[in-house]
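Protein chains: 2
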Amino acid sequence: MAATRIAGDVLAARIKADLAPAIAAIRAKAGRAPCLASVLVGDDPGSIVYCRSQAKACEGVGITYDLVQFPADTPATALAAKLDALGADPAVDGILLQMPLPRSINARDMAERIPAAKDVEGITSANLGKLFFYEGAALIPCTAAAAYELIKFAGCTIKGAECVVVGHSPIVGKPVACLITNDLGTCTICHIETRDLKAHTTRAEILVVAAGKAGLVTGDHIRPGATVIDVGINRVPCLDEKGQPLLDEKGRKKMKTVGDVDFASAEAVAGAITPVPGGVGPVTVAMLLRNTVRAAETHIA
Amino acid sequence: MAATRIAGDVLAARIKADLAPAIAAIRAKAGRAPCLASVLVGDDPGSIVYCRSQAKACEGVGITYDLVQFPADTPATALAAKLDALGADPAVDGILLQMPLPRSINARDMAERIPAAKDVEGITSANLGKLFFYEGAALIPCTAAAAYELIKFAGCTIKGAECVVVGHSPIVGKPVACLITNDLGTCTICHIETRDLKAHTTRAEILVVAAGKAGLVTGDHIRPGATVIDVGINRVPCLDEKGQPLLDEKGRKKMKTVGDVDFASAEAVAGAITPVPGGVGPVTVAMLLRNTVRAAETHIA
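Line by line, the protein sequences are chains S and H. For the first sequence, my numbering assigns the number 1 to the initial residue and increments by one for each residue that follows. For the second sequence, my numbering assigns the number 1 to the initial residue and increments by one for each residue that follows.
Each hint should be verified, as a subset may be incorrect.
If several chains are the same, the list does not tell them apart, and a pair holds so long as it fits within one copy or across any two.
Derived pair list, reagent style DSS-like, types lysine-lysine, alpha-carbon separation capped at 30 Å [what the hints assert, rightly or not]:
#  : residue 1 : residue 2
1  : K198      : K159
2  : K256      : K198
3  : K16       : K256
4  : K253      : K213
5  : K198      : K152
6  : K29       : K198
7  : K242      : K56
8  : K159      : K213
9  : K253      : K198
10 : K250      : K152
11 : K256      : K82
12 : K82       : K253
13 : K253      : K56
14 : K198      : K16
15 : K56       : K82
16 : K250      : K198
17 : K250      : K16
For the record, the hints were derived by calculation from the structure and aren't laboratory data. The model shown is predicted, which means the values in this text are computed figures rather than measured ones.
Bound conformation, chain S alone (with noise of 0.2 Å):
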């Protein structure tokens, strides 16, 4: 029997919903919407595409999204200036640095540089550090608090089961497992240099699957029922039945976006399992607008 499909679409939505009576009283104490300032450098066209989407989340709910834009060759001092200067204007509630910044900055330093209060995407130390804690954050990074929110979507129990995340990265990996260890699931986190992948995915009653590598886990890593959430938002080639790429009307490869989950393989074997697109990614970006709103109670209060 295939899977049940965690609709992540339908709990952002619900998220989305829920953050209507916030914002209608953060207006009515402020006299204005919450505001998220939003700091792209260059022109990576990745990012213009996730300001895009934000932009639209924030509209759609009544934030006001704030894109300030820099050219590929500001000076590090140049943006560190300007992220001081959002961390103090009192019109702003949240501050997302878009990634990846140009190569010449260092991104960890300027992401430090945004007062916690005003992190709303989680990734400052001083954030990730309450992640520590039983009683965990108020502003926790959005992907890991979307595959967590989805876990809980799902109808899963994490308390006592066994759980499993490929992938260590630091707003990612790490920050999910902490989320899954203060509720009392045993995690084992796996990546690059785990020796027997498949021994410890065939375990796992949860699995989050969060490694950036297309396909890298297929129905055989799989144990049947079990809940498999895919963080992974990969571009690949569409191929024809002969495994060629296809091509569009202009001669350029067609793509699509897929997670790190064969989703085909995987379905046949899971209980449940987030879509790519469609799963983690929707609820990402609600997470992002429920961490500005709670950034702007905080602040507002």
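Let chain S serve as the given structure and place chain H on it in line with the hints.
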């Protein structure tokens, strides 16, 4: 064959000796020794013992140990004011807040008042959060850092190893898991809700036990040849051959200090194991000294 005993006291002595040039450099530059302020509220007997041993260890390497004592009924505001004053005092390099605090005081709020740069126990969110990043943190929680140094001292390669941490506390279990994961060990965090502890621990090539429960892990839990780091420090009654408590000349139960691992049975299976006492304990104190020196170096630079 009995396991090799991992000599924490030898490692601690080495770490302390290695601090000498840095301490001399600080003295030359600042005209004073590095200074650790230790704040003790109330008269918890365990804390008093710790303070004495910390004072002795500081004296041994040439760090000034400044014990600041408050009565148990000190209001939170007074403690907060003192922590703020120590934070601002240029003559203080590190601040240590003895736990437990009286119940009337929120321990976490107080810990978070310590400036990250003087947080030599590595317990503030700002320092803990740095553990998510591969470059690691300068001020790592002392016990977690001790467990990690002992793994390396035992000659283990963490990269690729199957590792299990028993205990998921914010200051020991989760930080150790982060350190292991950053070094590309495959790490599982177990705890009180883990359904089959033995199934996990018997997989572990590196096993760190930080559960705070005497004798939780026995030889049966250990993979033959594994490296076992016992973080537990538990006071238990000495028993006679019949399992009855032994009494001292005043009729009080004789007590001894044991770890979370049943040493006798574990020693017969493990490849290497830390004794208690004499394993993690002395290295934890050495980590406190190292953190104080690191904080002073930053502070005085």
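Structure-based check of all given hints:
1. K198 x K159: both (23 Å within a copy, 18 Å between copies)
2. K256 x K198: within (26 Å within a copy, 44 Å between copies)
3. K16 x K256: within (27 Å within a copy, 57 Å between copies)
4. K253 x K213: within (19 Å within a copy, 60 Å between copies)
5. K198 x K152: both (24 Å within a copy, 27 Å between copies)
6. K29 x K198: neither (53 Å within a copy, 55 Å between copies)
7. K242 x K56: Classified as neither: same-chain Cα gap 39 Å, cross-chain 74 Å, threshold 30 Å.
8. K159 x K213: both (29 Å within a copy, 21 Å between copies)
9. K253 x K198: Intra 32 Å, inter 51 Å, cutoff 30 Å: neither.
10. K250 x K152: neither (44 Å within a copy, 57 Å between copies)
11. K256 x K82: Answer is neither: 36 Å inside a copy and 59 Å across each miss the 30 Å cutoff.
12. K82 x K253: neither (39 Å within a copy, 66 Å between copies)
13. K253 x K56: The answer is within: 28 Å in one copy meets 30 Å, while 70 Å across copies does not.
14. K198 x K16: neither (37 Å within a copy, 43 Å between copies)
15. K56 x K82: within (24 Å within a copy, 49 Å between copies)
16. K250 x K198: neither (41 Å within a copy, 60 Å between copies)
17. K250 x K16: neither (39 Å within a copy, 68 Å between copies)
Taken one by one, the earlier hints fail for this structure at numbers 6, 7, 9, 10, 11, 12, 14, 16 and 17, listed in ascending order.
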